[in-house]
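Colleague: Residue numbers (our numbering), protein chains in the order written: chain A, 23 to 158; chain B, 23 to 158; chain C, 23 to 158; chain D, 23 to 158; chain E, 23 to 158; chain F, 23 to 158.
Calculated directly from the structure, the hints in this document are not laboratory data.
Treat the hints with care, since some could be wrong.
[As the list claims (entries may be wrong)] In silico lysine-lysine, DSBU-like type, Cα no more than 35 Å apart, as pairs:
{"id": "1", "chain 1": "C", "residue 1": "K24", "chain 2": "C", "residue 2": "K51"}
{"id": "2", "chain 1": "E", "residue 1": "K158", "chain 2": "F", "residue 2": "K73"}
{"id": "3", "chain 1": "E", "residue 1": "K130", "chain 2": "C", "residue 2": "K24"}
{"id": "4", "chain 1": "F", "residue 1": "K50", "chain 2": "E", "residue 2": "K114"}
{"id": "5", "chain 1": "A", "residue 1": "K158", "chain 2": "A", "residue 2": "K87"}
{"id": "6", "chain 1": "F", "residue 1": "K51", "chain 2": "F", "residue 2": "K158"}
{"id": "7", "chain 1": "D", "residue 1": "K50", "chain 2": "A", "residue 2": "K134"}
{"id": "8", "chain 1": "E", "residue 1": "K130", "chain 2": "F", "residue 2": "K50"}
6 protein chains.
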Amino acid sequence: MKVSVFRKAHFNAAHRLHNANLSDEENKKLFGLCNNPNYHGHNYMLELKVKGEVDPITGFVIDTKILKDLIQTEVHDCFDHRNLNLDTAEFKTLNPSAENIAIVIWNKMRAKLPQTLEVSLRLYETENNYVEFDGK
Amino acid sequence: MKVSVFRKAHFNAAHRLHNANLSDEENKKLFGLCNNPNYHGHNYMLELKVKGEVDPITGFVIDTKILKDLIQTEVHDCFDHRNLNLDTAEFKTLNPSAENIAIVIWNKMRAKLPQTLEVSLRLYETENNYVEFDGK
Amino acid sequence: MKVSVFRKAHFNAAHRLHNANLSDEENKKLFGLCNNPNYHGHNYMLELKVKGEVDPITGFVIDTKILKDLIQTEVHDCFDHRNLNLDTAEFKTLNPSAENIAIVIWNKMRAKLPQTLEVSLRLYETENNYVEFDGK
Amino acid sequence: MKVSVFRKAHFNAAHRLHNANLSDEENKKLFGLCNNPNYHGHNYMLELKVKGEVDPITGFVIDTKILKDLIQTEVHDCFDHRNLNLDTAEFKTLNPSAENIAIVIWNKMRAKLPQTLEVSLRLYETENNYVEFDGK
Amino acid sequence: MKVSVFRKAHFNAAHRLHNANLSDEENKKLFGLCNNPNYHGHNYMLELKVKGEVDPITGFVIDTKILKDLIQTEVHDCFDHRNLNLDTAEFKTLNPSAENIAIVIWNKMRAKLPQTLEVSLRLYETENNYVEFDGK
Amino acid sequence: MKVSVFRKAHFNAAHRLHNANLSDEENKKLFGLCNNPNYHGHNYMLELKVKGEVDPITGFVIDTKILKDLIQTEVHDCFDHRNLNLDTAEFKTLNPSAENIAIVIWNKMRAKLPQTLEVSLRLYETENNYVEFDGK
Numbered sequence: 023m024k025v026s027v028f029r030k031a032h033f034n035a036a037h038r039l040h041n042a043n044l045s046d047e048e049n050k051k052l053f054g055l056c057n058n059p060n061y062h063g064h065n066y067m068l069e070l071k072v073k074g075e076v077d078p079i080t081g082f083v084i085d086t087k088i089l090k091d092l093i094q095t096e097v098h099d100c101f102d103h104r105n106l107n108l109d110t111a112e113f114k115t116l117n118p119s120a121e122n123i124a125i126v127i128w129n130k131m132r133a134k135l136p137q138t139l140e141v142s143l144r145l146y147e148t149e150n151n152y153v154e155f156d157g158k
Numbered sequence: 023m024k025v026s027v028f029r030k031a032h033f034n035a036a037h038r039l040h041n042a043n044l045s046d047e048e049n050k051k052l053f054g055l056c057n058n059p060n061y062h063g064h065n066y067m068l069e070l071k072v073k074g075e076v077d078p079i080t081g082f083v084i085d086t087k088i089l090k091d092l093i094q095t096e097v098h099d100c101f102d103h104r105n106l107n108l109d110t111a112e113f114k115t116l117n118p119s120a121e122n123i124a125i126v127i128w129n130k131m132r133a134k135l136p137q138t139l140e141v142s143l144r145l146y147e148t149e150n151n152y153v154e155f156d157g158k
Numbered sequence: 023m024k025v026s027v028f029r030k031a032h033f034n035a036a037h038r039l040h041n042a043n044l045s046d047e048e049n050k051k052l053f054g055l056c057n058n059p060n061y062h063g064h065n066y067m068l069e070l071k072v073k074g075e076v077d078p079i080t081g082f083v084i085d086t087k088i089l090k091d092l093i094q095t096e097v098h099d100c101f102d103h104r105n106l107n108l109d110t111a112e113f114k115t116l117n118p119s120a121e122n123i124a125i126v127i128w129n130k131m132r133a134k135l136p137q138t139l140e141v142s143l144r145l146y147e148t149e150n151n152y153v154e155f156d157g158k
Numbered sequence: 023m024k025v026s027v028f029r030k031a032h033f034n035a036a037h038r039l040h041n042a043n044l045s046d047e048e049n050k051k052l053f054g055l056c057n058n059p060n061y062h063g064h065n066y067m068l069e070l071k072v073k074g075e076v077d078p079i080t081g082f083v084i085d086t087k088i089l090k091d092l093i094q095t096e097v098h099d100c101f102d103h104r105n106l107n108l109d110t111a112e113f114k115t116l117n118p119s120a121e122n123i124a125i126v127i128w129n130k131m132r133a134k135l136p137q138t139l140e141v142s143l144r145l146y147e148t149e150n151n152y153v154e155f156d157g158k
Numbered sequence: 023m024k025v026s027v028f029r030k031a032h033f034n035a036a037h038r039l040h041n042a043n044l045s046d047e048e049n050k051k052l053f054g055l056c057n058n059p060n061y062h063g064h065n066y067m068l069e070l071k072v073k074g075e076v077d078p079i080t081g082f083v084i085d086t087k088i089l090k091d092l093i094q095t096e097v098h099d100c101f102d103h104r105n106l107n108l109d110t111a112e113f114k115t116l117n118p119s120a121e122n123i124a125i126v127i128w129n130k131m132r133a134k135l136p137q138t139l140e141v142s143l144r145l146y147e148t149e150n151n152y153v154e155f156d157g158k
Numbered sequence: 023m024k025v026s027v028f029r030k031a032h033f034n035a036a037h038r039l040h041n042a043n044l045s046d047e048e049n050k051k052l053f054g055l056c057n058n059p060n061y062h063g064h065n066y067m068l069e070l071k072v073k074g075e076v077d078p079i080t081g082f083v084i085d086t087k088i089l090k091d092l093i094q095t096e097v098h099d100c101f102d103h104r105n106l107n108l109d110t111a112e113f114k115t116l117n118p119s120a121e122n123i124a125i126v127i128w129n130k131m132r133a134k135l136p137q138t139l140e141v142s143l144r145l146y147e148t149e150n151n152y153v154e155f156d157g158k
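This is chain A alone, in the form it adopts within the complex (with noise of 0.2 Å):
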């Protein structure tokens, strides 16, 4: 018998919707406003979803707190108040669309915690747009 457990967290981030390979032209007319050369940014949120067995002696799938200091280490202290595209390793040629920042996320996640534990996450770019990933 499984249980999922889940852990809320924010960070706050520039970026622009750009591709290096492609022209600014065909840049500006897939990304549109996003593409904006000076850079937008979002509060983004993160929904991270742990699935598991409860330890009989805790009641826990997972300690929070574990979670909580992870997404701190991997997460906040990475992209918070940063510009997605010029101030992190993995967005320097990758587009930080939505959709791949939450494979990032999941990745760094999906390294640190055991394999014991499915892990899935959502991450709202704003309230009415998000994306949903569980690494397959």
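Given the structure of chain A, go ahead and fit chains B, C, D, E and F onto it with the hints provided.
Modeller: Chains B, C, D, E and F alone, transformed into the frame defined by chain A:
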């Protein structure tokens, strides 16, 4: 590797729960206040979910502007500020329960979106009552 | 020293914006889609605010159960699952704009609450449109 | 074709995380502030999900009033304004972690709902910490 | 020209409504379930509001980090994961109604913030019940 | 008798806190991570409040469509998907703190709205940090 993309939208409509094949008494018994012949109404909230491969050029599963425009023409322009029972072809004879509205909208979305994408949706009738449908 | 106490509640109703003293054409021009003769509807959210001295015995300005019951009998039982234009005495001739609904509810609350308490309220028609009234 | 129906509800309770088989020191180490012998508390939010075929006569999977009443008698009347550790049979010896509360409520819901319906639920302990259980 | 700055924070606590000068019967009559001798609890949400002139150098009324730290030391560190009646000096004899908690927190904030700033606050006990206090 | 009407809207922008009259060191000391030379960003949420007499013919203080359009042309078209420091005339030299953005938007709203209406607004930089300005 597939990512799900979500887009939210709102519409405000009047409706009543009513099955024309049943007597007034049976309708009242089944639907109570929701059967009020003069209608009541809701701020419906739609959450459309589309799952598919991430395009390596755009970093998108689908441009959310396409989802936004699709919801505008297929949902908002048809149902917003309407009486679902009186003003829409879909609910002339079909009881506009949250379940049925969700199925109707899902069919409209499914017909307009590429077959490579999985489609599901949530429809909130109120903050406390909502439904989910994925076509299965 | 005065504290304000708030209580929230919801009701779902149909309405149309319409002034019976104007022509159909004028009504349509003034109110657009909101003038739909078949009505549309909303999940209204009421936020009642009552300000007064804190009773040293109870630590209450007023027991919120009193506010809850008052909203139930004066608002919910009268307006929930109703057509405001057709089913309520208050809006038979008065246009049920958010402003007018707020004034009507405020008058009902003011009449039932002790004169030592200041009364004001917010009425949300949608998440993005709402009004506030304090009787002045 | 199956639709999922959701119903939300709230209850406010005190609890402490504590495993009676462990020493006070071990409990404090495992649960930190949550082990406070004088308890702390939460506004729990329950989101019940029921999946099944839509009845062609009512357009319902299940009348949400049934879900509302079931949550009232099986959850609200048992846990609201209670101390989970002291006032409930279920958590006399079982540690009231969010995971365990979710499993307990799921078992109560499963026992009372028709076997033709799939049952799952989310339990929010805070806005940032919540769990999900579907019985598997 | 004055601007108001808001900062939100949360704390989770147990409490019971109880006036030690009254009999058990009177307490039960006044406070009902909230008088449960074993306590219940809430996720309290505090919204602190500070009004003052905008500093032309920083563009701030006050650095919100100061508000954040003040709430941490004066509210969170004192009340979070506590039993308000048993674990805090303020509510040993004072009934921890939302009104009284708001007044206690306001006094703590007022004492630590510059006299040039106006201070008020909202305290949410639940999503539907909350209070506001500005010291007047 | 006056009623207040509210209209909400969102815009997403990049910014950095920076005072060009101060040294880099002083800026970093004052603004910390918010001074990142590569910018960060937010989903800003604007809540515009307009208070005035209710027109007896329309039942409106002001048609919310006027507020919606005004926010679109004066706020959204100017600030959405922009870098406030680089792309806007208003914040070329003025530090785009929440306080200053609120004052700038208030001035734009005040200039376009009838003098018979009182104007105030809230600007949310994040869910936890926001400001309010009424021109006084």
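Colleague: If a hint holds in the structure, say so; if it does not, say that too.
Modeller: Status of each hint after checking the structure:
{"no.": "1", "hint": "C:K24 to C:K51", "verdict": "violated (46 Å)"}
{"no.": "2", "hint": "E:K158 to F:K73", "verdict": "holds (24 Å)"}
{"no.": "3", "hint": "E:K130 to C:K24", "verdict": "holds (17 Å)"}
{"no.": "4", "hint": "F:K50 to E:K114", "verdict": "violated (45 Å)"}
{"no.": "5", "hint": "A:K158 to A:K87", "verdict": "holds (26 Å)"}
{"no.": "6", "hint": "F:K51 to F:K158", "verdict": "holds (30 Å)"}
{"no.": "7", "hint": "D:K50 to A:K134", "verdict": "holds (26 Å)"}
{"no.": "8", "hint": "E:K130 to F:K50", "verdict": "holds (30 Å)"}
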